[in-house]
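One line per chain: the protein sequences are A and B, in this order.
Residues in the first sequence are numbered from 16 upward in steps of one, following my numbering.
Residues in the second sequence are numbered from 3 upward in steps of one, following my numbering.
Hints listed in this document are in silico derivations from the structure and should not be mistaken for laboratory results.
Please read all numbers here as calculations on a predicted model, not as lab measurements.
One should not assume that every hint holds.
[Unchecked claim] Taking CB as the label site, the calculated pair distances span:
1. LEU482/A with GLN46/B: 28 to 38 angstroms
2. ASN157/A with GLN46/B: 32 to 42 angstroms
3. PRO105/A with GLU170/B: 22 to 32 angstroms
4. LEU129/B with ARG330/A: 43 to 53 angstroms
5. THR64/B with ARG408/A: 31 to 41 angstroms
6. GLU281/A with ILE104/B: 41 to 51 angstroms
7. LEU7/B with SER60/A: 29 to 39 angstroms
8. ASP77/B with ARG402/A: 28 to 38 angstroms
9. ASP126/B with ARG330/A: 53 to 63 angstroms
10. ARG47/A with ILE104/B: 49 to 59 angstroms
11. LEU160/B with LYS326/A: 53 to 63 angstroms
[Unchecked claim] Sample of chain A residues facing chain B (criterion: CB under 10 angstroms; computed from the structure):
12. ASN137
13. THR198
14. HIS200
15. ASP215
16. LYS217
17. THR229
18. VAL458
The beta-carbon is built from N, C-alpha and C at its ideal position, and this holds for glycine as well.
Listed here are the chains, written in short residue letters.
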Amino acid sequence: MKLESRQFVASTALLLACTAGHAEVLKWGANRDIGSLDPYSYGDSFTINVLNHTYEGLVRYDKDLKIEPALAVSWEILEDQITWRFKLRPDVTFHNGNSFTAEDVVASLQRVSHETSPLKGNLPAYVSASVVDDLTLDIVLNGTYPLLLNDLTNIHIFDKQWLVENDAELPTDIGAGTEGYATYHANGTGPFIVESRQPDAKTVFTVNPDWWDTPAHNLTGFELLPVTSAATRVAALLSGEISFTNDAPVQDLPRLEAAPGVNVLEGVDLRTVMIGMSYRDTLDNGSDNPFKDLKVRQALYQAIDMDQLQKKVMRGKSRNAGAVVAPPIPGYTESLDERMAFDVDAAKALLAEAGVPEGFEFDFNCLQDGLVNEEQICQAIASMWSRIGLSPRLDVAPRAVQTPKRTNGQADVYTLGWATLPMLDAYSPLLQIFHSKEGNSGVFNWGDWSFPELDELVQSAGAELDLDKRLAMETAALQIVKDELIMLPLHQQPMAWATTEAVTDMPLFPDNKPRLWFASMQ
Amino acid sequence: MIAFLLKRLMNAAFVMLAVAFLAFMIFRFFGDPVEMMVNEQATQSDRAELRERLGLNDGLLTQYARFVGSAVQGDFGISYRNQQDVMTLVAERFPATFELVIVATVLSLIIGVPFGVLTAVYQDRKLADGLQIGSIVGVSLPSFVVGILLILVFSVSLGWLPAFGRGETVDIGWWSSGFFTDSGRAALILPSISLSLFQITLVMRLVRAEMLEVLRSDFIKFARARGLPLSVVHWRHALRNCLMPVITLTGMQIGNLIAFALVTETVFQWPGMGLLFIQAVTFVDIPVMAAYLMLVSFIFVLINTLVDITYAYVDPRLRSEVAVKGGSAHGH
Numbered sequence: 016m017k018l019e020s021r022q023f024v025a026s027t028a029l030l031l032a033c034t035a036g037h038a039e040v041l042k043w044g045a046n047r048d049i050g051s052l053d054p055y056s057y058g059d060s061f062t063i064n065v066l067n068h069t070y071e072g073l074v075r076y077d078k079d080l081k082i083e084p085a086l087a088v089s090w091e092i093l094e095d096q097i098t099w100r101f102k103l104r105p106d107v108t109f110h111n112g113n114s115f116t117a118e119d120v121v122a123s124l125q126r127v128s129h130e131t132s133p134l135k136g137n138l139p140a141y142v143s144a145s146v147v148d149d150l151t152l153d154i155v156l157n158g159t160y161p162l163l164l165n166d167l168t169n170i171h172i173f174d175k176q177w178l179v180e181n182d183a184e185l186p187t188d189i190g191a192g193t194e195g196y197a198t199y200h201a202n203g204t205g206p207f208i209v210e211s212r213q214p215d216a217k218t219v220f221t222v223n224p225d226w227w228d229t230p231a232h233n234l235t236g237f238e239l240l241p242v243t244s245a246a247t248r249v250a251a252l253l254s255g256e257i258s259f260t261n262d263a264p265v266q267d268l269p270r271l272e273a274a275p276g277v278n279v280l281e282g283v284d285l286r287t288v289m290i291g292m293s294y295r296d297t298l299d300n301g302s303d304n305p306f307k308d309l310k311v312r313q314a315l316y317q318a319i320d321m322d323q324l325q326k327k328v329m330r331g332k333s334r335n336a337g338a339v340v341a342p343p344i345p346g347y348t349e350s351l352d353e354r355m356a357f358d359v360d361a362a363k364a365l366l367a368e369a370g371v372p373e374g375f376e377f378d379f380n381c382l383q384d385g386l387v388n389e390e391q392i393c394q395a396i397a398s399m400w401s402r403i404g405l406s407p408r409l410d411v412a413p414r415a416v417q418t419p420k421r422t423n424g425q426a427d428v429y430t431l432g433w434a435t436l437p438m439l440d441a442y443s444p445l446l447q448i449f450h451s452k453e454g455n456s457g458v459f460n461w462g463d464w465s466f467p468e469l470d471e472l473v474q475s476a477g478a479e480l481d482l483d484k485r486l487a488m489e490t491a492a493l494q495i496v497k498d499e500l501i502m503l504p505l506h507q508q509p510m511a512w513a514t515t516e517a518v519t520d521m522p523l524f525p526d527n528k529p530r531l532w533f534a535s536m537q
Numbered sequence: 003m004i005a006f007l008l009k010r011l012m013n014a015a016f017v018m019l020a021v022a023f024l025a026f027m028i029f030r031f032f033g034d035p036v037e038m039m040v041n042e043q044a045t046q047s048d049r050a051e052l053r054e055r056l057g058l059n060d061g062l063l064t065q066y067a068r069f070v071g072s073a074v075q076g077d078f079g080i081s082y083r084n085q086q087d088v089m090t091l092v093a094e095r096f097p098a099t100f101e102l103v104i105v106a107t108v109l110s111l112i113i114g115v116p117f118g119v120l121t122a123v124y125q126d127r128k129l130a131d132g133l134q135i136g137s138i139v140g141v142s143l144p145s146f147v148v149g150i151l152l153i154l155v156f157s158v159s160l161g162w163l164p165a166f167g168r169g170e171t172v173d174i175g176w177w178s179s180g181f182f183t184d185s186g187r188a189a190l191i192l193p194s195i196s197l198s199l200f201q202i203t204l205v206m207r208l209v210r211a212e213m214l215e216v217l218r219s220d221f222i223k224f225a226r227a228r229g230l231p232l233s234v235v236h237w238r239h240a241l242r243n244c245l246m247p248v249i250t251l252t253g254m255q256i257g258n259l260i261a262f263a264l265v266t267e268t269v270f271q272w273p274g275m276g277l278l279f280i281q282a283v284t285f286v287d288i289p290v291m292a293a294y295l296m297l298v299s300f301i302f303v304l305i306n307t308l309v310d311i312t313y314a315y316v317d318p319r320l321r322s323e324v325a326v327k328g329g330s331a332h333g334h
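Isolated chain A (complex conformation):
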């Protein structure tokens, strides 16, 4: 009964808004569809991004990507330093009318950290959660850990009763071969309600009139319309069939900018593109590995003409980087960001000093479907390296084919882009890329390097609750990355969104995630 009356209210609100004629349904033409309506189904940040319009976390990012309270109103760390106590927001209801309590949070945390959940890595420090009272809960961690809030921004909260009623308390286990209810249905607390979904065609969201927050948007809803083909997506924007796309192809930007009635939003992504090298004793072809010598790494660095790359390949849209994290990321400092000069002669001299004046052969592993213009970047860099006498063998293939080679150490030199998502902190690359490979650390340390001094700094930063002290440690660790040239930073890549004139406000976020609860239409 309750549901029906709510639907009535929703539809009346919709009707009123339509007759008032100032707010509209935004048509979002994305480059792909979401995998499922279940945010815990697939380790895919786009799916989580879209479902964030329906599901919310305990905390969220504001317009400046600072963490602010969402479903939790306040939190404190208890005396044992490993228990976090959260006070929850009262009077929040789910889309089905159930009220939000601590039980729901506990059920959600258990679901996301379950054995079979592909997202359990998103809560690395979580041990358990317990209800204190209806609106208070404790989360116990495996040690002092400063970044719990960052992790929680992406942990969406389900309604426990709904999960229990629909037998969906556990995440869908693909290995077991059975479907899950949450794949087809959604019930969150967020600003938009999922009304219908046709995979690969259309997912319709309507505004949630009972949202606890005051909406900053004026939409009556939005439709997610995946259009995979870039040319078709551009055409659909020009013809007005979609009013927004979060992936305007780089090669079509001049045309879109010239088109009447289309606005292009350009910015620099947080994703920093880097080149990694193997630190193993031998290269994949069995010969000795010269990359273990800092001089060789520096030669590779100085042989890359970043200005040319930025102008020719990136069409002037990228931002050359000296640091492995982008400026807005905590831990970054300006001095880290200074690049070593481009100098072919110096690079050749370094190779000679390192005892490989005539160069050597190695594999250069790149993705076809990875970073912006990745293939062209790799081709350009390969030819710059051959100018100092090196012989890179370019190996370009889709991600699914290349990743196993990279993780198995078959890639001598490879590209990697890191945006520090979802944490938005330098701790993320430091732990996952630059730390030695052990347990949860160094998962992306594909070159298999080990710098004990850096490991120590990263571990103490990971247990330091004082912000300034922690950031100082992270900066020190980043300085080691820079001094040792563990990986070679290239640039932060460009990002471009486009809207039709009907969209009056669409804030561009450097993490490349649209947040339509900040959008407005005529």
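Please build the complex by placing chain B on the supplied structure of chain A, with the hints as guidance.
The following block gives chain B in isolation, referenced to the frame of chain A:
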């Protein structure tokens, strides 16, 4: 006849088993699905564990046997990416592809046949030359180029037709149809033209060749001598004798159209099986790829078998090992 049918069925089963085997041979070159499934922060042991749970560490033959074993019971598993039952997923997409293919086939007949007759009858006129040149363009332009051109003209410049999608659909049981709404019919136009262009030229050229043959035969000369109007001679008597191979070809081509629809579906974001397959390839969604390949090979085998059975029905010599002497006299 029963022996013949049994033999055909055995052949069909063998073909499908072979297709599945080849599919499993090549899946390993598509990459590792686990890398696409877990999030960036998953540890190496998490990944290994998931791989084990999905049975990806087993040998090729074990995986193949397991797939065939459950496929025989109608169970194709669940999609790695969508986490939906694969059979449901494919069945949901089948109507979209099928409606597109049917419309494209009808278009190819109602355009290709008259054009073929015209080019045969008026061989030396400009119109026929124009159509002939047009047909070369139709054969040689890749269908994604045609698709993009159509979108640019009819969606962007003229704004008449939608650039992508299927419009509103109506559900009839499990079948979702775009035939019953205005937006659904409008959405069908561009993709079906782009898909049928090659088929139109194929039909046109076949009809032309057959017509030229038939127009030389005696019964046409007699018909003319009797003083029948030329239009009746061409469109009734001559054309009727050309249609048998056209119908056969059209039937056989339906399988091809279903398979090749995936290009058109990608360009127009048509939510059919082809689009599903393309995405499955990107995400190394093995259960979906396997099911799609099985279904397409089944459709091919089914159509070929039906054609063979029809032939057997028409031509009694094929029915048994003992040749029946002397086929009946044909129409002309």
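Here's how the hints hold up against the structure:
{"no.": "1", "hint": "LEU482/A with GLN46/B: 28 to 38 angstroms", "verdict": "holds, 31 angstroms"}
{"no.": "2", "hint": "ASN157/A with GLN46/B: 32 to 42 angstroms", "verdict": "violated, 19 angstroms"}
{"no.": "3", "hint": "PRO105/A with GLU170/B: 22 to 32 angstroms", "verdict": "violated, 42 angstroms"}
{"no.": "4", "hint": "LEU129/B with ARG330/A: 43 to 53 angstroms", "verdict": "holds, 48 angstroms"}
{"no.": "5", "hint": "THR64/B with ARG408/A: 31 to 41 angstroms", "verdict": "holds, 35 angstroms"}
{"no.": "6", "hint": "GLU281/A with ILE104/B: 41 to 51 angstroms", "verdict": "holds, 44 angstroms"}
{"no.": "7", "hint": "LEU7/B with SER60/A: 29 to 39 angstroms", "verdict": "violated, 54 angstroms"}
{"no.": "8", "hint": "ASP77/B with ARG402/A: 28 to 38 angstroms", "verdict": "violated, 57 angstroms"}
{"no.": "9", "hint": "ASP126/B with ARG330/A: 53 to 63 angstroms", "verdict": "holds, 54 angstroms"}
{"no.": "10", "hint": "ARG47/A with ILE104/B: 49 to 59 angstroms", "verdict": "violated, 28 angstroms"}
{"no.": "11", "hint": "LEU160/B with LYS326/A: 53 to 63 angstroms", "verdict": "violated, 38 angstroms"}
{"no.": "12", "hint": "ASN137", "verdict": "holds, 6 angstroms"}
{"no.": "13", "hint": "THR198", "verdict": "holds, 5 angstroms"}
{"no.": "14", "hint": "HIS200", "verdict": "violated, 13 angstroms"}
{"no.": "15", "hint": "ASP215", "verdict": "holds, 4 angstroms"}
{"no.": "16", "hint": "LYS217", "verdict": "holds, 7 angstroms"}
{"no.": "17", "hint": "THR229", "verdict": "violated, 32 angstroms"}
{"no.": "18", "hint": "VAL458", "verdict": "holds, 6 angstroms"}
Going through the hint list in order, the structure does not satisfy hints 2, 3, 7, 8, 10, 11, 14 and 17.
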